[in-house]
Amino acid sequence: MSIWDDFMTAREASENLGKNPKYVYLLWKRESKLLLKGSVEMKDTLLITKEGYEHLKAIVDKRPKGN
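Residues 1 to 67 in our numbering are what the sequence shown lists, from first letter to last.
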C-alpha cells in the first residue's frame with residue numbers, strides 16, 4: 001500500500017485545520033519545515049497524505065490561537 005492511497009486535498013486539509021483554504025498550499029509553495037517531508041505532492045491537484053495531515057494538525061493544535 002502506498003502512502004498516496006490515503007490522502008486528502010490540500011484545501012480539505014486546510015479547512016479541517018480551521019485555516020484559510022490556501023494554508024497547506026502556501027506552506028508547500030514556501031517549502032515550509034512544518035510539513036512532513038514527502039507528504040504533500042501535486043497530482044491533478046495538491047494532495048496531502050493522512051500522515052502528513054496528522055503531523056501538521058499536531059503542530060497547529062499546539063500553537064496559540066491566532067497563529
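Just so you know, the hints here were simulated from the structure itself, not pulled from any lab data. All of these numbers come straight from a predicted model, not from anything done at the bench. Hints are not guaranteed to be accurate.
Stated by the list, open to error - So the derived label-pair ranges between C-beta atoms look like this:
#1 ASP44 / LYS65: 32 to 40 Å
#2 ASP44 / PRO64: 13 to 21 Å
#3 MET42 / LYS65: 15 to 23 Å
#4 ASP61 / LYS29: 31 to 39 Å
#5 GLU41 / PRO64: 12 to 20 Å
#6 GLU31 / ASP61: 29 to 37 Å
#7 MET42 / PRO64: 17 to 25 Å
Said to hold, decoys possible - Once the Cα atoms are required to be at most 25 Å apart in a straight line, the calculated BS3-like pairs of lysine-lysine come out as:
#8 LYS29 / LYS43
#9 LYS50 / LYS65
#10 LYS62 / LYS33
#11 LYS62 / LYS43
#12 LYS33 / LYS22
#13 LYS33 / LYS50
#14 LYS65 / LYS19
#15 LYS43 / LYS22
#16 LYS37 / LYS57
#17 LYS43 / LYS57
#18 LYS50 / LYS29
#19 LYS29 / LYS19
#20 LYS19 / LYS50
#21 LYS22 / LYS57
#22 LYS65 / LYS22
#23 LYS62 / LYS19
#24 LYS19 / LYS37
#25 LYS29 / LYS62
#26 LYS62 / LYS22
#27 LYS43 / LYS65
#28 LYS19 / LYS43
#29 LYS33 / LYS65
#30 LYS57 / LYS19
#31 LYS37 / LYS50
#32 LYS29 / LYS65
#33 LYS43 / LYS33
#34 LYS50 / LYS22
#35 LYS29 / LYS57
#36 LYS22 / LYS37
#37 LYS37 / LYS62
#38 LYS33 / LYS57
Ideal Cβ positions, reconstructed from N, Cα and C, are used throughout, including at glycine.
### Query
Given the proposed pairing of LYS29 with LYS19, does the C-alpha separation stay at or below 25 Å?
16 Å, holds
#### Entry: LYS62 paired with LYS33 [C-alpha distance capped at 25 Å]
Between LYS62 and LYS33 the Cα gap is close to 16 Å, so the pair holds against 25 Å.
### Query
Are LYS50 and LYS65 close enough, with their CA atoms no more than 25 Å apart?
It holds: about 23 Å lies between the C-alpha atoms, which stays within 25 Å.
### Query
Does LYS37 pair with LYS50 here, judged by a C-alpha cut-off of 25 Å?
Distance of about 13 Å is within 25 Å: holds.
### Message
Quick check on a hinted range of 29 to 37 Å for GLU31 and ASP61, using CB atoms only.
### Response
22 Å, violated
### Query
If you draw a straight line from the CA of LYS33 to the CA of LYS50, is it 25 Å or shorter?
The hint holds at about 17 Å.
### Query
Given a hinted range of 31 to 39 Å, is it respected by the beta-carbon distance of ASP61 and LYS29?
Since the Cβ atoms of ASP61 and LYS29 sit about 23 Å apart, the hinted range of 31 to 39 Å is violated.
### Task
Below or equal to 25 Å on CA atoms is what counts here, so check LYS43 against LYS33.
21 Å, holds
### Message
Against the range 32 to 40 Å, how does the distance between the Cβ atoms of ASP44 and LYS65 compare: consistent or not?
### Response
For LYS65 against ASP44, whose Cβ atoms are near 34 Å apart, the range 32 to 40 Å holds.
### Query
Given the proposed pairing of LYS37 with LYS57, does the C-alpha separation stay at or below 25 Å?
15 Å, holds
#### Entry: Pairwise hint evaluation, LYS57 against LYS29, where the allowed Cα distance is 25 Å at most
18 Å, holds
### Query
If you draw a straight line from the CA of LYS65 to the CA of LYS19, is it 25 Å or shorter?
Holds, at roughly 11 Å.
This entry does not satisfy hints 2, 3, 4, 5, 6, 7, 11 and 27, going by the numbered hints stated previously.
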